[in-house]
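Novice: This is what each chain is made of:
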Amino acid sequence: MIHALRHRAIPIATIGYVLLLLPPLRHLLESRMFLQMLVQMPLLVVIGYLLRGGIPRRLAAIIDPWNGQGITGLLLASLTGMFWMLPRSLDAAVGEASMEAAKFISIPLLIGLPIGLGWPRAGFVVRGVFLAELIATCFRLGWLYMVSPIRLCNSFLLGDQQRSGTYMMVIGAAILLYVISKLMWGRIDSR
Amino acid sequence: MSTLRTWLASCTLLVIGGVALATATDGFHAFTSEAARRVEIRRHPPQVPGVTLETQSGAHVNLTDLRGKWVLVDFIYTRCMSYCLVLGGDFAQLQDLLAEPLAQDKVVLLSISFDPAHDTPMELAAYQERFRTRGRGWLATRPVNQNDLRQLLRTFGVTVVPDVLGGYVHNAAIEVVDPHGRVVGIFDMGNPKAVAQAVRQDLVP
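Line order of the protein sequences matches chains A and B. If you read the first sequence in the numbering used here, its first letter stands for residue 551, the second for the next number, and so on. If you read the second sequence in the numbering used here, its first letter stands for residue 117, the second for the next number, and so on.
Simulated from the structure, these hints should not be mistaken for laboratory data. It is possible that part of the hints are untrue.
[What the hints assert, rightly or not] Ranges of calculated distance between the beta carbons of each label pair, as one might list FRET restraints: (1) Met696(A) <-> Val155(B): 34 to 42 Å; (2) Met635(A) <-> Val155(B): 15 to 23 Å; (3) Pro670(A) <-> Leu124(B): 17 to 25 Å; (4) Lys732(A) <-> Leu120(B): 27 to 35 Å; (5) Leu130(B) <-> Phe674(A): 19 to 27 Å.
For glycine and all other residues, C-beta sits at the position ideal for the given N, C-alpha and C.
This is chain B alone, in the form it adopts within the complex (with noise of 0.2 Å):
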């Protein structure tokens, strides 16, 4: 009796665990949270914020000016010294593969900096020069308080960790915004053609 009520109980249990385990994968799919926050913006594209941020010329630009174009967006601190300088060369690569879209005002390439106490606009004009801007197109910023920083990096799912150097780790990519406003697409840092090819598509009415 006891073996078979073990028998049913086990089983019961294994399906039971077997849905939970495939709920809190997205069907098997994602095991860690950079695939998940993947999965995530494919379902829900996020709205971005309306926040405001200082631009390398010390100008204001708010998030919601930008709606009407497509958004490169990557998050950086300029003190970088490690992958993240990927970002800044595919951000500087990606003004001469969109070159046109760019001069068109179509696309806009945006950097937002979360160390913002470090990142003046001076830094972050100096941190553009060291990959040879083309000037066009590339706005680096920084937000103008801790609240709306913590606003962008939650919308973009952005973490960042403390290392032991002082400076940062974070799930750095290439996110793709929407003519609405959408976070709509995340691409790994590296491959500035891919997501040149991307956002070509995307501009193809």
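Here chain A stands alone, though its shape is the one from the complex (with noise of 0.2 Å):
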């Protein structure tokens, strides 16, 4: 089943990507704030992820002595993390064509690929801090937009601002659980 999966990763996210683009998804999924940031963008994250297997492995060879442990593709995959993550790129991504195109285009392949060229060449260190990082990350804006009493983005309202920051911190909590569980009956560096 997840090698007849993995075997079919690059039309599903064909498939997927296709979906995501077509209006009706876009605007629903864009209409409200964790739709966008907690749906849309990690499933554009999945999408990247998938097409690793399409990634020649002439250009791999390429790739790899400079991703040392997946180091650099997961350092990509967190700045432009970072980007998204700024109140007003979430905004325009709503509002402007540029933004929306850019975040279609970057985070499938600046974020789901370098991520999946990296992580099964990192080891337990290096998988350790991405994960503290992205749990601390999902804790620190979920409290800030479950704290904040103004509107952060134009474009959405207060009470979905800060149903997303709830959400952040189940999503962190969760993923927190998900590594505790690895420390204490797995190891957190096998597949």
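From these two lone chains plus the hints, build me the complex, please.
Specialist: Have a look at this one:
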């Protein structure tokens, strides 16, 4: 099953990408803050991740020496992620066509794909640092969105922002529990 | 070898990423689009379009007719039941605080409705009455077509989002237009004294 999925990763990613681009789904996912930030954007990350199988072996041989332990790739993903976490980026990605296009191109290619190429090469420490930072980011931003009395995005309602904050806390806690379970019952560097 | 190259690649990325993030936040100053809009207005004051508006008395006024005066602009909808009510109170207070320059026709208060289908001249007049308008220097208006409205919202950087109660939420503020017709400042609502003080400073030649 997993093998078959891996085999069809590229077609699945393509279909998913086209679906996300279609206006009905796109407008729905951009109507609420948490739908854009916590559904649409993560799906774009997954699509980029699935593309890693499509990287030709020769190209991978060129990239790999520059991407020891996947560090460079995970760094690229983190920096791009920081940009898309700015409230003004979330706003612009809804209101401006150029930023909307940048979102659909950069999130798969500069976040999803580098994670796909980097994660399998990353060892215990690198994975741990990346996950700890991801969890911390969920808590930090989640807290900010929960307690901020002012709207940080002009395109979304205050209640929406608070709900996004709550969901981020839940997601951060879920990843934390996953890491703890791995530490207790498994190996974090295992596939 | 791979370690060295990874170091090189990562450090390069960090520098590029840092520069990109600094650019994207106007030097780590503007993280929200509201802050960005204020930075942008300070840098390149946008020219107000020559749009015609219908006032509370049914008269028509073109924004170019207001050149030569300072104009304080806010965006409203008369059905507002929440924060944006503050704007109406601010304008009524500004009528007192700026009574003299308003009487001399050096300053105009201008409310523009983003709900023109509902906000007829009668509704606009009733809106002013609700805040006990002093009757002088405050125009409550609506754009005459959707195109003009879109153009105004874009120039003034106002985003209107429908809320769950059938009303709207928007980045409400008081915007200052100089005598050349350029948007030169944005003030948070709820502090009319600060607005009045800034305008009086601008009026001193």
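Novice: Against each hint, give a clear statement of whether it holds in the structure.
Specialist: Results of checking the hints against the structure:
no.: 1; hint: Met696(A) <-> Val155(B): 34 to 42 Å; in the structure: violated, 27 Å
no.: 2; hint: Met635(A) <-> Val155(B): 15 to 23 Å; in the structure: holds, 19 Å
no.: 3; hint: Pro670(A) <-> Leu124(B): 17 to 25 Å; in the structure: holds, 22 Å
no.: 4; hint: Lys732(A) <-> Leu120(B): 27 to 35 Å; in the structure: holds, 31 Å
no.: 5; hint: Leu130(B) <-> Phe674(A): 19 to 27 Å; in the structure: holds, 23 Å
Hint compliance for this structure: hint 1 alone is broken.
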